[in-house]
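Protein chains in written order, with the numbering used here: chain A, 1 to 290; chain B, 1 to 290.
Some clues are possibly wrong.
[As the list claims (entries may be wrong)] When the alpha-carbon atoms are kept at most 30 Å apart in a straight line, the in silico DSSO-like pairs for lysine-lysine are as follows:
1. A:K282 with A:K15
2. A:K92 with B:K282
3. A:K90 with B:K282
These are computed hints drawn from the structure, not numbers from a lab.
Chain by chain, the residues run as shown.
Number of protein chains: 2
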Amino acid sequence: MTLTIANLSKVYSRKQVLSNVTLELKAETIYGLLGRNGAGKSTLLNIINNRSIATAGAVELDSMRVYENETCLNRLYLMSEDTLFPSQMKIKQMFKQTAAFYDGFDENFAKKMLTAFGLDANSSLRKLSTGYRSIAKLIVALAVDCDYIFLDEPVLGLDAHHRELFYQFLLETYQQKPRTFVISTHLIDEITYLIEEVIIMNEGEVIQAASTEEILQTGVAITGPSELVEAFVVLVKVLDKETFGGTMTAYVTDADKLGAELPEQLRLTPLNLQTYFIKLTKEGGQTDEI
Amino acid sequence: MTLTIANLSKVYSRKQVLSNVTLELKAETIYGLLGRNGAGKSTLLNIINNRSIATAGAVELDSMRVYENETCLNRLYLMSEDTLFPSQMKIKQMFKQTAAFYDGFDENFAKKMLTAFGLDANSSLRKLSTGYRSIAKLIVALAVDCDYIFLDEPVLGLDAHHRELFYQFLLETYQQKPRTFVISTHLIDEITYLIEEVIIMNEGEVIQAASTEEILQTGVAITGPSELVEAFVVLVKVLDKETFGGTMTAYVTDADKLGAELPEQLRLTPLNLQTYFIKLTKEGGQTDEI
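Whenever a hint applies, use it, and build me the whole structure from the sequences.
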């Protein structure tokens, strides 16, 4: 099973919001969808899930066009900031409604999450705080048995305890019933250990799609005397350079191409995903070389 | 100038959301308002700003009741998740409307922020992404010249670059025109260096109000052989204990009362604010002793 996104573009109020996005989303994989504010993440997720219409391009599930195709759409689920449930609806009614639309809704798992988060099934959405409203939507999203589940900023407004609890439940349901999750978030450090694949968007384009492992292996910082650092990184892609006195740190994206052995005076530090992403999408940076 | 919150309580759909909250907010101070989801932070901020009515208690600004008092209310500003501006409104119209209500709206500062965040003054709110909608509201809040500015989850949906930029602008306007900011957030690590005072809420109550410095000095972790740790912390308040084999880490909130010199086999590590908060508000923890 594969979800194929081919040459997707979107123009909205004369602005190019998505440009030629091409991606393959494999079955049973956890993806991180990273991008700065306004990069086009939500637009992409909305188009995949038929909530917005592309200007060009197509989304296909096993070679079937997803657009207005009920069978395909029933295999996809999007949790986003827009609450599609009426505000006076109670949580138990959200469960019922979702179970009616999506086969295999796991009510036991949903109830287990309710208890863990301390939520009452009889609460109506409008009486919940911002954080708890997110939690209610998260519970529904994780209890759904679709092949592809898209979570657009799932931890918005959640405190640190609750974020941790959500990551645990995500892994639990993934292990029990492997399916694909695509998580869009700005709290990158927290999800690094969860995601197997990373998709990085910038200004409406996908600028990198690779496994988390690969990115963590090829993204490094090299620190040492400026001249030595400059000479050592001359053949690789440098995302950013910082100098302090005579010392320079160069942020490199393809450490595998460094070739030569590291001179003794230089220090190589692996980048975590958050730092890698920040350097890659820095405004006025050298991202266009990527 | 002081904002006094006296014995504030709020019951909402038969639930005690706030219990007897008493606080003094000094002039020209940056506060962090910390609390888990559902702790009552937003309810407190809404009552202070006359957007919700208390069941009991009062809010006074220099001994004048704030409730429905136009003069007082003009000295307070709340940025919250609820957008009070109509969605078709353009950003420049938000500026105009706010300037009409609040004297001293700093349009130059607002324009400087617009440029830094890459926002167009002609964009209407509904065409902005979640993150950019927050940014538009933040710009208005920081350009307002009120004595007390309350920011309820100001960085919701902002990417790491934009969060950093916001913290910089907050410090800039605070240095130019010192006034009080109360920031409610779940990203505690990021604001620790900004805030002078910390208010911690739990289940509708204020469980601690102290300077950041004091909290950072008295919150420590003590690690070593379990028996030694147990004996050493017997007279102080322990928030949480973790054991691993024969080794224990005890999280202590009043390190100043430890008294005796640290035995050689024990190690003392200061807690950062995020860890301190997490231990203090852990479910089923010993927070009721505080």
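Do the hints match the structure? See the list:
no. : hint              : verdict
1   : A:K282 with A:K15 : holds (21 Å)
2   : A:K92 with B:K282 : holds (27 Å)
3   : A:K90 with B:K282 : holds (27 Å)
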